[in-house]
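Novice: As a plain string of letters, each chain reads:
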Amino acid sequence: MDLDLTAEEEAFRAEARAWLAAHVPRTPLRSLETREGFAEHRAWERTLAADRWSVVSWPAAYGGRDRSLLEWLLFEEEYHAAGAPGRVTQNGIALLAPTLFAHGTQEQRARVLPPMASGETVWAQAWSEPEAGSDLAALRSVAVRERGGWLLRGQKTWSSRAAFADRAFGLFRSHADPDRPPHHGLTYVMFPLDADGVTVRPIGRLDGRPAFAELFLDDVFVPDADVIGEPGRGWGVAMSTAGNERGLTLRSPGRFLATARRLVALWRETADPGDTALRDRVADAVIKARAYQLFTYTHAERLAAGGSLGAESSLNKIFWSELDLALHETALDLLGPEGESAAGEWAEGYVFALAGPIYAGTNEIQRDVVAERLLGLPRGRRRP
Amino acid sequence: MDLDLTAEEEAFRAEARAWLAAHVPRTPLRSLETREGFAEHRAWERTLAADRWSVVSWPAAYGGRDRSLLEWLLFEEEYHAAGAPGRVTQNGIALLAPTLFAHGTQEQRARVLPPMASGETVWAQAWSEPEAGSDLAALRSVAVRERGGWLLRGQKTWSSRAAFADRAFGLFRSHADPDRPPHHGLTYVMFPLDADGVTVRPIGRLDGRPAFAELFLDDVFVPDADVIGEPGRGWGVAMSTAGNERGLTLRSPGRFLATARRLVALWRETADPGDTALRDRVADAVIKARAYQLFTYTHAERLAAGGSLGAESSLNKIFWSELDLALHETALDLLGPEGESAAGEWAEGYVFALAGPIYAGTNEIQRDVVAERLLGLPRGRRRP
Amino acid sequence: MKLSLDTSQLDFQRSLARMLGAADTPSAVRAWARGEHGPGLAVWERAAAMDVFALATPEAYGGAGPLPVELAVAFVELGRHAAPGPFVETVAAAALLSRLAERGAAAPAAAWLPRVRTGGARVTLTLPGGGPYALDADVCDAVFAVAPGTDTLRLAAGHGPVRPSLDPARRLARPCDLGEPLAAGPAVREAAAYAADHAAFAVAAQALGVGCALLERTVAYVRQRTQFGSPVGAFQAVKHRLADTLMGLEFARPLVFGAAVALAAGAPGAPAEVAAAKAAACDAAYAAARTALQLHGAIGYTAEYDLSLWLGKARALRSAWGSPAQCRARAMELFSE
Amino acid sequence: MKLSLDTSQLDFQRSLARMLGAADTPSAVRAWARGEHGPGLAVWERAAAMDVFALATPEAYGGAGPLPVELAVAFVELGRHAAPGPFVETVAAAALLSRLAERGAAAPAAAWLPRVRTGGARVTLTLPGGGPYALDADVCDAVFAVAPGTDTLRLAAGHGPVRPSLDPARRLARPCDLGEPLAAGPAVREAAAYAADHAAFAVAAQALGVGCALLERTVAYVRQRTQFGSPVGAFQAVKHRLADTLMGLEFARPLVFGAAVALAAGAPGAPAEVAAAKAAACDAAYAAARTALQLHGAIGYTAEYDLSLWLGKARALRSAWGSPAQCRARAMELFSE
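Chains as they are written, first to last, in this note's numbering: chain A, 1 to 384; chain B, 1 to 384; chain C, 1 to 337; chain D, 1 to 337.
It is worth saying that the hints were derived from the structure and are not from the lab. Careful, some of the hints might be misleading.
[Unchecked claim] Have a look at the derived ranges for each label pair, beta carbon to beta carbon:
#1 Glu36(C) - His183(A): 55 to 61 Å
#2 Asp272(B) - Pro202(A): 50 to 56 Å
#3 Ala61(A) - Pro268(D): 39 to 45 Å
#4 Ala265(B) - Pro268(D): 58 to 64 Å
#5 Pro114(D) - Ala305(A): 36 to 42 Å
#6 Gly149(D) - Ser336(C): 31 to 37 Å
#7 Pro192(A) - Arg223(C): 25 to 31 Å
Bear in mind that the values here come from a model prediction, so they are computed numbers and not experimental data. Glycine included, each C-beta is placed from N, C-alpha and C at the ideal position.
Same shape as in the complex, but just chain A (with noise of 0.2 Å):
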């Protein structure tokens, strides 16, 4: 057992270390949720698929450069520490890709990868509807069949990034079927946001940024082409790589360990070294980030082993969710009367920490997932 990296993972670590270093902007992007800032946040894509380090772990073919699980996360770990911008990116990076990779067809893959990682097609997820949230099986917004394609009717809610994004991923109800349970007969399509039918309204989040939008859908065309795997098996298709979600690719360790350095750099200049009381707080915060950093690389490595990651996602959810919480409330506690302003990298943190527990599937819901799949416990109906 060991830590080290090879000489080509230390090498590839320092030349994503030296190009950061060159090409971070010095003073941060303007707000990733205000028009101005999404357009701040896509330029810096390009910079970054340029210099092929938007995806490094896709094919050479697709715009990556073929590294290992582990090798992006030594590259994010550097990109975190940089203070780089985040990733207007992420949810086709980390969503919609890993399941065209799965399920995709070489056309739809070739076709939607590569202004995927440059930036120039900025994808919103539409998984959520106003009946379903927890129980996203519940899904009401319709595909109906059309010549050579789908139309989508319906409305979709809380569609991360659709405020200012190009396309939308999503499932849609296809196959209607009373009989069967309410998961199946749905169908995985990808959508323009500015096509004939489409309405994007934005929902302010709780500071009032447009973080995330309602969609309306009337008759909106989707092609076969933009079918994900076979209709009325979208469920499955989803859920294969919604570990993912849960899991490392969305939220990896580097954000949490760049996080917690500047939580005790923090300390170190606001807090009286004596009071243990806060100091045991960023102290649990540290151990908790050095935690998830050593775990996620065991996970990474039995992937690149050929295991395969499943409810184990759903202990990663829990555990990222509320340590990014903790280590803002710490921060903000820290902060003192200061800790109430809303400006400030702090502040905007704490706000998007809050949503954690939420997305991605409630904390209650992993807590579910984790105590049935992993320990065993009788199966519930999800009723009381």
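With chain A's structure known, arrange chains B, C and D on it following the hints.
Specialist: Just chains B, C and D, lined up with the frame of chain A:
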């Protein structure tokens, strides 16, 4: 709104304080959970009763002083502040006596209460059975009709005090009716522990001391005079005063106030004053002890004004049991490496406190009750 | 001993609740956050007409105070309805000025307290032990300041730029360093401590109200929101989390009123009682906010849904007028007698 | 990078688990608590025969060590089976003596390490940063002591009376103040710190095993225990509490093995890694104990039910070889590079 005592209350408090100062044993009695300690505690009850301090809120006819609930709370504060011994008569006084006051006959009260108040008869509770813990209505032990009374058969367990007590009280299934819910057809009886057919098997708690016992009942005869309330209606009889067990008469604030003061003293002795992490935990315990005191005063006032303590006693139960654990866990952490020692009152108190979230209705059940009855959330069937 | 509210206190509570419930405070907060103070000031004036400020003003200045129990009643309702404005600071200023007058510096009290009583003067302030910001200075008639480590009370000549808070109703500005000295010496130090206790006490009551509102809204939501074929509120994890929220609030409540009694009695232990109340009430309110957000899910995370107004306030009140650590340090004195 | 166990490590783990599983450690603990060491010592000898102590003994003394990863494997299993005896202290003593030998004081190592390796010597010790008690001194061949603030290693001439611990398997005694000095000077200070790190590390691994045993037993219990017509494990509150318990343990595990890697590499950050592992593993184990007790209910609260053996150990290990606060203070250095 005020916290002022009347002159009479002050005088009562002063009298109690003076009496306790003169009578509380200088050296602590041996553990209540040993045969010798049990005898010492029984003798102490005699001393209390001789000067009418054992049941101050009872009518004088039964050995009390006709004092108000508030005065009883004041007495309890003085009692615990004086470091007086644990009450071996607690099960009888806190659980059986309220039931007798509410549902007993005049004859039962006259016969049972005075020897209870003097410690001559020490009572054990006998609710649980191996298959009926949280699910108390699943009781299987039976009371079979017999001329002039009932024959008890079956097994009870976790019977507190039963290792050394004289008599016990509990519920038995007397009327089987598969068409009615399981809490119908139960009868509330009092029975001797030294009778023919009773086998008492003491059970050691975590520290090995026999704090409770299993009771095996093999045709134990109980005369009709020892049935409380109507046969078959025992559930209602027991439940009408169940709030007492969870609520303020089982665990009065005096106990926790005294422990919180000892904790502050321990902190002053042992802790680095700069260790704010432990200080915050001590402060939290102090704040909670004070909250419990004020909360209880408020409820005592409401009861005195003719109100009742319903599901609120569940809040009470969760609060004191968690507070008791927090007090003792903080003390053990303050003690550092000495904290693992099994000797000493903090260790004994810790072991005792560990049971708090379990007995008198688990805290899980209490949270269900709070959610359903105080917040009006949908009633579960206690099923997943 | 008497710990329940009497009839006139209950009447006052109900009247205030009725007025605030009818006042559309969420809209007032949204306007306030944009610097449009009109709707919020209308609420302020109605509260003044119901004698909220008279409760903090001594009889010598036309008031009925100080009446801490009634103030607790008022601040619980103000918190429950998320009323915007420098209520806490104006009440604390009344405590500051009346205590100073008792100690011989009567001029500032004479100048300001009659106007405070009627709601005609909005006052904000910074004091040692509080933060550097004067709440809502841009809408106040006076900004008082006692700088940390000093014993001079100044009427600040203005304030710095207004900064937004995580609570949209709270607008933060630093008092300007210049300004007329109104009083100096040990009396200022003592009056400032007395006023800071009143501020912390009012925040505790306000936080309790905020927590109650969050709990009530969440209970209502989970009873009607259905997922997996059941009301969300039927899931045991949801039930237990709400039960804990209720417990936190129900055990903070007696501490808040216990602190009121101690302040009313001028008890030497009052600062510790206030600190205990603030620590418990602000913890309970913040826990209620986290629960409310989690159990609402995404809808709770949106600015347009009114829940957000209470969520931010629960966070902001944690550090207003005494951090959790400061309160705990002081609460250690509860049992010092 | 390689973080999974290799085949020989997995084989070792399985063999040890098999041996311990067959050894009826609960009975051995109950006897040990009464001062009847026979059954416990039989386990000790079987562990020694499987080279557990050789893992801590350098090759120069016939051992194979130090091999921290293998030691972590061993201590997780020892914890999981609640094996009684001074395993941690004997391994820490091996670290102390081998480090002292490297620094020039070779005589104690030569005298003791060959016997440690074979299990023929049971050794206990007290060191600065640890508590005042030497575990299981009454069954040890040597009691080493470095008093806090000193740099002299003594072979204590005996020990004080044996006191019971909340963990019935742990028998506590103070080393006697007299005894032959074996070495002195800065090398002792450094070796003592090195040994204390090894003790904390072994405790962390042991605690992880203890927590896993508590979780496994509780999961098994709630699957079969029925109340209200359902297995207790079907209630959401029970499920969520067990899910949290698993999470605590699963995220402590990589810290324990990360600390092993750091110790193996002689990394300067090793003390911080060890401290992080101990804080996390002991917290997770104690949380597992609280959960296990609560979800078992009364049966879990009885001494005769074997769960009690792990419950007490989880409590005792919290303060053994570094309090939670000490570990956190040191873990702050994790990111100091």
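Novice: If a hint holds in the structure, say so; if it doesn't, say that too.
Specialist: Results of checking the hints against the structure:
A hinted range of 55 to 61 Å for the beta carbons of Glu36(C) and His183(A) is inconsistent with their spacing of about 48 Å. Under the hint 50 to 56 Å, the C-beta atoms of Asp272(B) and Pro202(A), about 53 Å apart, fit the expected range. Judged by the Cβ atoms, the range 39 to 45 Å given for Ala61(A) and Pro268(D) holds: they are separated by roughly 43 Å. Range check, Ala265(B) to Pro268(D): about 42 Å between beta-carbon atoms, so the 58 to 64 Å window is missed.
The hinted window of 36 to 42 Å between Pro114(D) and Ala305(A) holds, with their beta carbons roughly 40 Å apart. Distance hint check for Gly149(D) and Ser336(C): the Cβ-Cβ separation is about 33 Å, which falls inside the suggested range of 31 to 37 Å. For Pro192(A) and Arg223(C), the Cβ-Cβ distance of about 39 Å falls outside the hinted range of 25 to 31 Å, so the restraint is violated.
Hints 1, 4, 7 from the earlier list are contradicted by this structure; the remaining hints agree with it.
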